[in-house]
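In the order they appear, the protein sequences are chains V, S and Y.
Residue numbers 1 to 162, in full-length UniProt numbering, belong to the letters of the first sequence in order.
Residue numbers 1 to 162, in full-length UniProt numbering, belong to the letters of the second sequence in order.
Residue numbers 1 to 162, in full-length UniProt numbering, belong to the letters of the third sequence in order.
Honestly, I wouldn't trust all of these hints.
No distinction is drawn between identical chains; accordingly, a pair holds when it is met within one copy or between any pair of copies.
Restricting the straight-line Cα-Cα distance to at most 27 angstroms, the calculated cross-link-like pairs of lysine-lysine (DSSO-like) are [said to hold, decoys possible]:
no., residue 1, residue 2
1, Lys100, Lys75
2, Lys100, Lys141
3, Lys98, Lys75
4, Lys88, Lys98
5, Lys141, Lys75
6, Lys98, Lys141
7, Lys98, Lys81
8, Lys100, Lys88
Simulated from the structure, these hints should not be mistaken for lab results.
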Amino acid sequence: MPLHLIYHPPGLYSASEKQALVDDITGIYTAASLPAFWVVVIFRPVAASDFFVGGRGPQSNFVRIVVQHIARNYKPDEVAKMRGFMQKYNDVIEPYTKGKGMHWEVNVDNLPSELWVVDGLRPPFGATEEEERLRRVWAEKNEVVLEGYSVPPIEQTEQSKI
Amino acid sequence: MPLHLIYHPPGLYSASEKQALVDDITGIYTAASLPAFWVVVIFRPVAASDFFVGGRGPQSNFVRIVVQHIARNYKPDEVAKMRGFMQKYNDVIEPYTKGKGMHWEVNVDNLPSELWVVDGLRPPFGATEEEERLRRVWAEKNEVVLEGYSVPPIEQTEQSKI
Amino acid sequence: MPLHLIYHPPGLYSASEKQALVDDITGIYTAASLPAFWVVVIFRPVAASDFFVGGRGPQSNFVRIVVQHIARNYKPDEVAKMRGFMQKYNDVIEPYTKGKGMHWEVNVDNLPSELWVVDGLRPPFGATEEEERLRRVWAEKNEVVLEGYSVPPIEQTEQSKI
């Protein structure tokens, strides 16, 4: 959680600009006590000849960001919270989109927290108070901490099903 | 909204075939009074050695399309509407899949309209009548139109949450 | 259904390792009587300079797998079933992640079965007993079998809507 896929024109960002953008994105989540190492950002260069917006191509002035949230989800009626996040996210990325003369579009998806594995473990995303505590430990150390982690039981009979 | 990611064998489509396919996809949405510039199509060439279907690889005769709908969503019981869309979408892409001797697969996801930003704005996707009106203006001009657009209020206290 | 997108450092897997990993993934679904040809695996090499985890980059020791389930979905309360699947999936991929000195993360999304087309047809994913039967035939033959397949009716009036 979260995954940020950034589709952009090749060469748009220098190495240091990528690092700065990633720092800013990651900061949104660490400010909310999520472990930094849960934040994955993948840049995907798209050749102009493969990029079409509004039926028009080739495009070399568009950035399309697809975000997946897993550890935290919005309930359908949490509209203010959703808008608040999008406002904050947009503030973070504008220097790297508008600031570079690009058009841009972002959307966020809500994915099921239980269908998630990090380094072989179900992360403590916050289903219980104990998990909340453990998540803060992971966030503080910025790595998987096995002390206090107990593997959630799986009903063996369920293992053969999809 | 919508985003169309088309995973295909490298070199399958000429520049003019890409343009024609994009025109046909975009037409589905403009016919429904959505602004053309909301439609993003990204072609993603996949090397045969990276493409596996049914356990078999390398593949060079398969097209996999992943579609994300954001402005409009189907309710779980709108089965006829969903089938109608898939039929229409398939009719549009068959010349570019079956017609080129490819196998193909498409699926569409429903994403939350409130978790969406275009050029820094929450698009008028249709939550109110005023938004419907504004969406038609955007569709007609095929660009962001600020006249009549008012930024939806965000509760400031919500901004720090994820 | 399912789609497995595997974002990995370039050159991490040999051709035979890719095949072995795909065989193991595909086996999960065929064991559950799903047709092998429904399983699509796409490897996506990501240059180190485009890969950031926890704010740190360039990364060349991380594998990020995004899975989409379409034919089968978990209901929100089927937690044991979800954990069972993730355990099984992790067991399958660990030799190709942990076993190669990589960190890794996987998540699975649930996508609407009705918004899905394979080779121009709505697959018999199991909405009825007849579909269950037909799915087993497709699984056995490992291809589309038209005998016994009837196109689900679409209300024509719905075709113009999105």
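Hint check against the structure, violated hint numbers in rising order: 1, 3, 5
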